[in-house]
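> Each chain is listed here by its residues.
Number of protein chains: 2
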Amino acid sequence: MSKRRESLLRALTTRHGRKNSGYCLVEGLRCVNELIALRPDLIEFCVLREGVCADRLPGEKTTVLEARKFDSLAATVNSQGILAIAKQPGYVPLDAPRKDPYALVLDRIADPGNFGTIIRTARAVGLKEIWTVKGGVDPFGDKALRSASSAQFAVSIRLAGSLEEMVGALKNLGVTRFFRTEPAEGHSVFREPELFQESAIVLGNEANGAGPLPGALPLNIPMPGSAESLNVAQAATVILFESVRRMEKSI
Amino acid sequence: MSKRRESLLRALTTRHGRKNSGYCLVEGLRCVNELIALRPDLIEFCVLREGVCADRLPGEKTTVLEARKFDSLAATVNSQGILAIAKQPGYVPLDAPRKDPYALVLDRIADPGNFGTIIRTARAVGLKEIWTVKGGVDPFGDKALRSASSAQFAVSIRLAGSLEEMVGALKNLGVTRFFRTEPAEGHSVFREPELFQESAIVLGNEANGAGPLPGALPLNIPMPGSAESLNVAQAATVILFESVRRMEKSI
Numbered sequence: 000m001s002k003r004r005e006s007l008l009r010a011l012t013t014r015h016g017r018k019n020s021g022y023c024l025v026e027g028l029r030c031v032n033e034l035i036a037l038r039p040d041l042i043e044f045c046v047l048r049e050g051v052c053a054d055r056l057p058g059e060k061t062t063v064l065e066a067r068k069f070d071s072l073a074a075t076v077n078s079q080g081i082l083a084i085a086k087q088p089g090y091v092p093l094d095a096p097r098k099d100p101y102a103l104v105l106d107r108i109a110d111p112g113n114f115g116t117i118i119r120t121a122r123a124v125g126l127k128e129i130w131t132v133k134g135g136v137d138p139f140g141d142k143a144l145r146s147a148s149s150a151q152f153a154v155s156i157r158l159a160g161s162l163e164e165m166v167g168a169l170k171n172l173g174v175t176r177f178f179r180t181e182p183a184e185g186h187s188v189f190r191e192p193e194l195f196q197e198s199a200i201v202l203g204n205e206a207n208g209a210g211p212l213p214g215a216l217p218l219n220i221p222m223p224g225s226a227e228s229l230n231v232a233q234a235a236t237v238i239l240f241e242s243v244r245r246m247e248k249s250i
Numbered sequence: 000m001s002k003r004r005e006s007l008l009r010a011l012t013t014r015h016g017r018k019n020s021g022y023c024l025v026e027g028l029r030c031v032n033e034l035i036a037l038r039p040d041l042i043e044f045c046v047l048r049e050g051v052c053a054d055r056l057p058g059e060k061t062t063v064l065e066a067r068k069f070d071s072l073a074a075t076v077n078s079q080g081i082l083a084i085a086k087q088p089g090y091v092p093l094d095a096p097r098k099d100p101y102a103l104v105l106d107r108i109a110d111p112g113n114f115g116t117i118i119r120t121a122r123a124v125g126l127k128e129i130w131t132v133k134g135g136v137d138p139f140g141d142k143a144l145r146s147a148s149s150a151q152f153a154v155s156i157r158l159a160g161s162l163e164e165m166v167g168a169l170k171n172l173g174v175t176r177f178f179r180t181e182p183a184e185g186h187s188v189f190r191e192p193e194l195f196q197e198s199a200i201v202l203g204n205e206a207n208g209a210g211p212l213p214g215a216l217p218l219n220i221p222m223p224g225s226a227e228s229l230n231v232a233q234a235a236t237v238i239l240f241e242s243v244r245r246m247e248k249s250i
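So the sequence lines, in the order shown, correspond to chains A and P.
Under numbering that gives the first Met the number 0, the residue at position 38 of the first sequence is numbered 37, and the numbers go up by one with no gaps.
Under numbering that gives the first Met the number 0, the residue at position 143 of the second sequence is numbered 142, and the numbers go up by one with no gaps.
For the record, the hints were derived by calculation from the structure and aren't laboratory data.
Check before you lean on any hint, since a few could be wrong.
Given that identical chains are not distinguished, each listed pair holds provided it fits within a single copy or across any two copies.
To be verified - Capping the alpha-carbon separation at 20 Å, the derived lysine to any residue pairs in SDA-like fashion look like this:
no.	residue 1	residue 2
1	K142	D110
2	K98	S225
3	K2	K170
4	K127	S228
5	K2	E227
6	K127	E227
7	K142	E65
8	K133	P92
9	K127	E184
10	K98	Y22
11	K170	G210
For clarity, every value in this text was computed on a predicted model and none was experimentally measured.
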């Protein structure tokens, strides 16, 4: 493997390295297979640990390394002996036409596991894009990609500089209702009739919640138990699958 | 702090140490506060890093350590300068009367983050207990406790030696329907009328799914998108909140 590729690979474990290079690091059999299925055009090169079988990898782009060498490169990561370096799919411009009936907005989610899980779940329900606000996790970081099973290559991401900028962009694109999850009050996710109609649903940072949203409707996930709150990825899951349920003929 | 407490604390980061001692390690302000609220009787002692404020801690059981000393003890963990050592609440016997209208069964969930998230979500929907099968994650490990926000002290856990043994115990307690999540077919979680009536819902291991369950009904979570599967904690969340929705007057 060339020195250039080696240093690129090392750089991709840092946010700075990802930003400067425009590439990202995809690790593990499942995530690499999803990348191959979704966006083979973005693959720059793949690296295999000797003895690991992965017959779907593009042969002409794949380097096999001896175990010791592979491990020295992949030392900080949980790779299962398989890595791919891919161009980041990049962000969709804020003013591009919307692709979904409602917008899921993630306001500075900080945990890459939560962020990745939400992208993966959004993909499962058929959402085409996710709206994010600057100051959260790097969507193309290795942990976010792993938790998402590479769903970042199937679901587009938009990035606004602030929640205010995002609200403006959404309004320009015809969004008329803004919902903001609140712990103990508001419109029930199971009963609000217009939840998914030309709306934006904003989920906030794990520690601090979403930023101020003047005029937003409070949205509540009913919790009969004694817990104070849900993990943000679980809250997103309840909301996303409520949209699926409404499409189904439910009981 | 006594040598005995020091070595107990170190031992609790391993499964073996937790099993032998019967204690567990609760870290971070939120998790320790939940422990204090839920089961103060189980607290053996607390440890604070000097300068960290935690005014709800039981003073007579709390040791304040200088920063360097605290960090040497908490080196492997993400503690925010606050730890509690508590007796494990232990398992409920398999033949004790059931406390919930349906049983959520986790068949060898392997990831402590997933396991903890499911317990936390079960608590949020008001479930009193969780059924587990030997061979999965330690419910009282530090990562599982952290992901659960200490919900292990609010939700009881049962442990069977095998899925077969668990099915026998559930049948003895009046459970007549067994559902097993399947990726692409089966009764829809949103439409199956008897999903939560004297039933058991079995979620399987992340890599291998649930073990064989003769006679079980396949349960499907509809996924209009292109994803192959959901993370197991997201699947559990959809199921658990469907039970909440049915209690609400939904639209």
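> The structure should be examined with respect to each hint, and the outcome stated for every one.
Results of checking the hints against the structure:
{"no.": "1", "hint": "K142 / D110", "result": "both (9 Å within a copy, 15 Å between copies)"}
{"no.": "2", "hint": "K98 / S225", "result": "between (38 Å within a copy, 16 Å between copies)"}
{"no.": "3", "hint": "K2 / K170", "result": "neither (48 Å within a copy, 63 Å between copies)"}
{"no.": "4", "hint": "K127 / S228", "result": "between (28 Å within a copy, 17 Å between copies)"}
{"no.": "5", "hint": "K2 / E227", "result": "neither (51 Å within a copy, 37 Å between copies)"}
{"no.": "6", "hint": "K127 / E227", "result": "between (31 Å within a copy, 16 Å between copies)"}
{"no.": "7", "hint": "K142 / E65", "result": "neither (25 Å within a copy, 34 Å between copies)"}
{"no.": "8", "hint": "K133 / P92", "result": "within (14 Å within a copy, 49 Å between copies)"}
{"no.": "9", "hint": "K127 / E184", "result": "neither (29 Å within a copy, 24 Å between copies)"}
{"no.": "10", "hint": "K98 / Y22", "result": "neither (25 Å within a copy, 52 Å between copies)"}
{"no.": "11", "hint": "K170 / G210", "result": "within (17 Å within a copy, 49 Å between copies)"}
This entry does not satisfy hints 3, 5, 7, 9 and 10, going by the numbered hints stated previously.
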